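**Q** Take a look at the letters that make up each chain.
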Amino acid sequence: METFYSILPELIRIVVCAICGAVIVFGNALVMGYAERKLAGHIMLRPGPMEVGPHGIYQLVVDGLKLMGKQLVVPANADKPLFMLAPLLAFAPVFVPMLVIPFSDKIQGFDLDVGLLLILAFASINVLAILIGGWGSNNKYSLFGAFRSVAQNVAYEIPMLISLLAIVFMTNTFSLKGIAEAQSPVWFIVIQPLAFLIYLVAMVAETNRAPFDLPEAESELTAGFHTEYSGMSFSLFVLGEYANMFIVCSVATVFFLGGSSGIPLPYFEYSGIIWFLLKVYLLMFFLIWIRWTYPRTRFDQLMNFCWKYLIPFSLVNLLITVVMVKLI
Amino acid sequence: MDIEVLEDGKHHRYILNMGPQHPSTHGVLRVLLELEGEYAMDLLPVLGYGHRCHEKIAEFNPAKSFMPNTARMDYLGALIYNHGFAHLLEKACGIEVPERAEYIRVITSELNRIQSHLLWYGAYLLDLGAFTPIMYSFDDREHILDILEDITGSRLTYCYVRVGGVCKDIDDKFVTATRAFIERLRGRFPMYDDLVNGNVILQKRLINVGDLTPEMCARYGISGPMLRGTGVAYDMRRAEPYSVYPKFDFEIPTETRGDCMASFKVRFREMEQSLRIIEQALDSLPEGPVMAAKVPKKLKIPAGDYNCSVEAPRGELSYYLVSDGSDVPYRLKIRTPSYSNLSVVPEMCAGMLVSDVVSAMGSLDLVIPEIDR
Numbered sequence: 000m001e002t003f004y005s006i007l008p009e010l011i012r013i014v015v016c017a018i019c020g021a022v023i024v025f026g027n028a029l030v031m032g033y034a035e036r037k038l039a040g041h042i043m044l045r046p047g048p049m050e051v052g053p054h055g056i057y058q059l060v061v062d063g064l065k066l067m068g069k070q071l072v073v074p075a076n077a078d079k080p081l082f083m084l085a086p087l088l089a090f091a092p093v094f095v096p097m098l099v100i101p102f103s104d105k106i107q108g109f110d111l112d113v114g115l116l117l118i119l120a121f122a123s124i125n126v127l128a129i130l131i132g133g134w135g136s137n138n139k140y141s142l143f144g145a146f147r148s149v150a151q152n153v154a155y156e157i158p159m160l161i162s163l164l165a166i167v168f169m170t171n172t173f174s175l176k177g178i179a180e181a182q183s184p185v186w187f188i189v190i191q192p193l194a195f196l197i198y199l200v201a202m203v204a205e206t207n208r209a210p211f212d213l214p215e216a217e218s219e220l221t222a223g224f225h226t227e228y229s230g231m232s233f234s235l236f237v238l239g240e241y242a243n244m245f246i247v248c249s250v251a252t253v254f255f256l257g258g259s260s261g262i263p264l265p266y267f268e269y270s271g272i273i274w275f276l277l278k279v280y281l282l283m284f285f286l287i288w289i290r291w292t293y294p295r296t297r298f299d300q301l302m303n304f305c306w307k308y309l310i311p312f313s314l315v316n317l318l319i320t321v322v323m324v325k326l327i
Numbered sequence: 000m001d002i003e004v005l006e007d008g009k010h011h012r013y014i015l016n017m018g019p020q021h022p023s024t025h026g027v028l029r030v031l032l033e034l035e036g037e038y039a040m041d042l043l044p045v046l047g048y049g050h051r052c053h054e055k056i057a058e059f060n061p062a063k064s065f066m067p068n069t070a071r072m073d074y075l076g077a078l079i080y081n082h083g084f085a086h087l088l089e090k091a092c093g094i095e096v097p098e099r100a101e102y103i104r105v106i107t108s109e110l111n112r113i114q115s116h117l118l119w120y121g122a123y124l125l126d127l128g129a130f131t132p133i134m135y136s137f138d139d140r141e142h143i144l145d146i147l148e149d150i151t152g153s154r155l156t157y158c159y160v161r162v163g164g165v166c167k168d169i170d171d172k173f174v175t176a177t178r179a180f181i182e183r184l185r186g187r188f189p190m191y192d193d194l195v196n197g198n199v200i201l202q203k204r205l206i207n208v209g210d211l212t213p214e215m216c217a218r219y220g221i222s223g224p225m226l227r228g229t230g231v232a233y234d235m236r237r238a239e240p241y242s243v244y245p246k247f248d249f250e251i252p253t254e255t256r257g258d259c260m261a262s263f264k265v266r267f268r269e270m271e272q273s274l275r276i277i278e279q280a281l282d283s284l285p286e287g288p289v290m291a292a293k294v295p296k297k298l299k300i301p302a303g304d305y306n307c308s309v310e311a312p313r314g315e316l317s318y319y320l321v322s323d324g325s326d327v328p329y330r331l332k333i334r335t336p337s338y339s340n341l342s343v344v345p346e347m348c349a350g351m352l353v354s355d356v357v358s359a360m361g362s363l364d365l366v367i368p369e370i371d372r
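The listed protein sequences derive, respectively, from chains A and B.
Using numbering that gives the first Met the number 0, the letters of the first sequence map in sequence onto residues 0 to 327.
Using numbering that gives the first Met the number 0, the letters of the second sequence map in sequence onto residues 0 to 372.
Calculated directly from the structure, the hints in this document are not laboratory data.
All values derive from a computational prediction rather than experimental measurement.
Heads up, the beta-carbon is just placed ideally off N, CA and C, and yes, glycines get one too.
Hints may contain errors.
Said to hold, decoys possible - Selected chain A positions facing chain B (in silico; Cβ < 7 Å):
| hint | residue |
| --- | --- |
| 1 | 44 |
| 2 | 139 |
| 3 | 219 |
| 4 | 294 |
| 5 | 295 |
| 6 | 300 |
If we strip away everything but chain A, and leave its shape as in the complex, we get (with noise of 0.2 Å):
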């Protein structure tokens, strides 16, 4: 019994951390649904949604409901578990990685030794889920969707981790709240421009959004590997798409934003989650941006791009960092 109150507190803080984990990503793909589609509208020199409430802030409850009213259709010669089991496998694993980022001195769910690697692992079963899903869809256009995705993470993963672990070297830790400490002076986009800019590629490649959007490029294979999904399953993959966004914005932010510093507020201890989410959520803003504004990069391009520039690049730009920190 007493082993089971010494850890109440700890149980009673991984609930609590979950449920917040849940609202922040409901509540992130509600107002990145919402800004999406007004910010898009806004470029193509349309109002975006106009009829539900003021302005449409109702639309995306309006167009949750409908999505969760939709039958769930299974396609004839699918592989029924895999079909089913991708959406699942795209969404669950979005949470953990919200229990270790620092959104601001205080609130942190967990302040892990290893909340990168967390992080970065917890996010590429995102391409296993596309696999499975392509593969399970049981269509030529699903499965080249999921080849293509597999393809792209993997090769997108590299120059990000790399590009990362310039920083992990200068501040000799993973713990997520450890690098937005170690940034107090000088935010580490001034000393790693370079890694700033690898990362922000590999984390539109990462998130599979246009110019990079290869695994659903909607010209080329209809919708790639979620041709087949509706309802919610379709709606599952898109809210694991939102939540994938704000992580890889979240860890950009950490490393080179300098996390929740800014301008100091009244309890800044807590109210640094201002700065955090406005940085974030300015990196967000530039995904779509450059979603709705450029035209879709050919796969060989995409790849090339990859191998020949942004992991050159990044291994230079890691032995650098290596050799001026042991110089200094």
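For chain A, the structure is supplied; the task is to place chain B on it using the hints.
**A** Only chain B this time, still in chain A's reference frame:
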């Protein structure tokens, strides 16, 4: 999975069915791709999903009443198709068309051409994955549709041209609106250049994709911007001048590379030239009637063979009419540019990535009802 695997000793090939309901086949074109990995080794366009027997219909009705059908073949170049058919009958029956009517035909045809190119521009970039430009080009296109709606009464499948002239005279409102539109579109071209045409991704997607040579074009009968992209300045408005085109000063834009980028640029510059033609036509618009005085109700076509070619937005459009002396054509053969342009696809796209197939087919600017007529 029911992938059809063809064994040729080394490679596994399988068939991917693209269309008839696919986002980038623009309508009901179906293309069978024989793939090796993601490379399309062989292509087979399958037609016939939208066939309406227009040529057969022409053999059962008085020639004059075939006019609305012409608009339904190429719905983006309806006025040019009208114009060509009216021109054919006028040539056959020796009807003199008032000059003002010819001017109006040229102005509306060129507006129609710009409209078609603007739609191609948006749809092509949509094929390449850029979602936004189509909204901008549709914004411009909307102005043309409004202008044409005012005088023709319809927005897409016009039936404005009549044998002997046009059905309604243009007014001052049309002239001012058209002049304003010319100013507007000229102001928009630099924006398109800055935002889209200079984009690195776009250039990488278009340059050296879908290469054509003048020899290939001759073999397949390719015409229009695709042909002019290979450096051959062949345009029916200059090659076999019709209507009042010889009176205007305009260039035939050409490029030399013959790839998707070449036809992309040619179409863009054609819009500028069309604006020039419209401007000159508006400046020198003569007064007078818009309909020939004596056009018989029942138009008897003298026995014989007649041919008339005009420059449609996608290339050379030819009508070939055989008459036995009655008012109903014995046979009407229509040569539509997209049909010939499509025939090059198997040779042009063999060995390409699927993404490039989409890009190359988009640069043909296919209008499916024109192929399946």
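**Q** Taking the hints in turn, state whether each one holds.
**A** How the hints compare with the structure:
1. 44: The hint holds - residue 44 of chain A has a Cβ within 7 Å of chain B, the shortest such distance being about 5 Å.
2. 139: With a closest approach of 5 Å, the residue 139 of chain A hint holds.
3. 219: Holds, because the Cβ-Cβ distance from residue 219 of chain A to chain B comes to roughly 5 Å (cut-off 7 Å).
4. 294: Since chain B brings a Cβ to about 4 Å from residue 294 of chain A, closer than 7 Å, the hint holds.
5. 295: With a minimum Cβ separation of about 3 Å from chain B (threshold 7 Å), the hint on residue 295 of chain A holds.
6. 300: For residue 300 of chain A, the interface hint holds, since the closest Cβ of chain B sits about 6 Å away, which is under 7 Å.
Hint compliance for this structure: no hint is broken.
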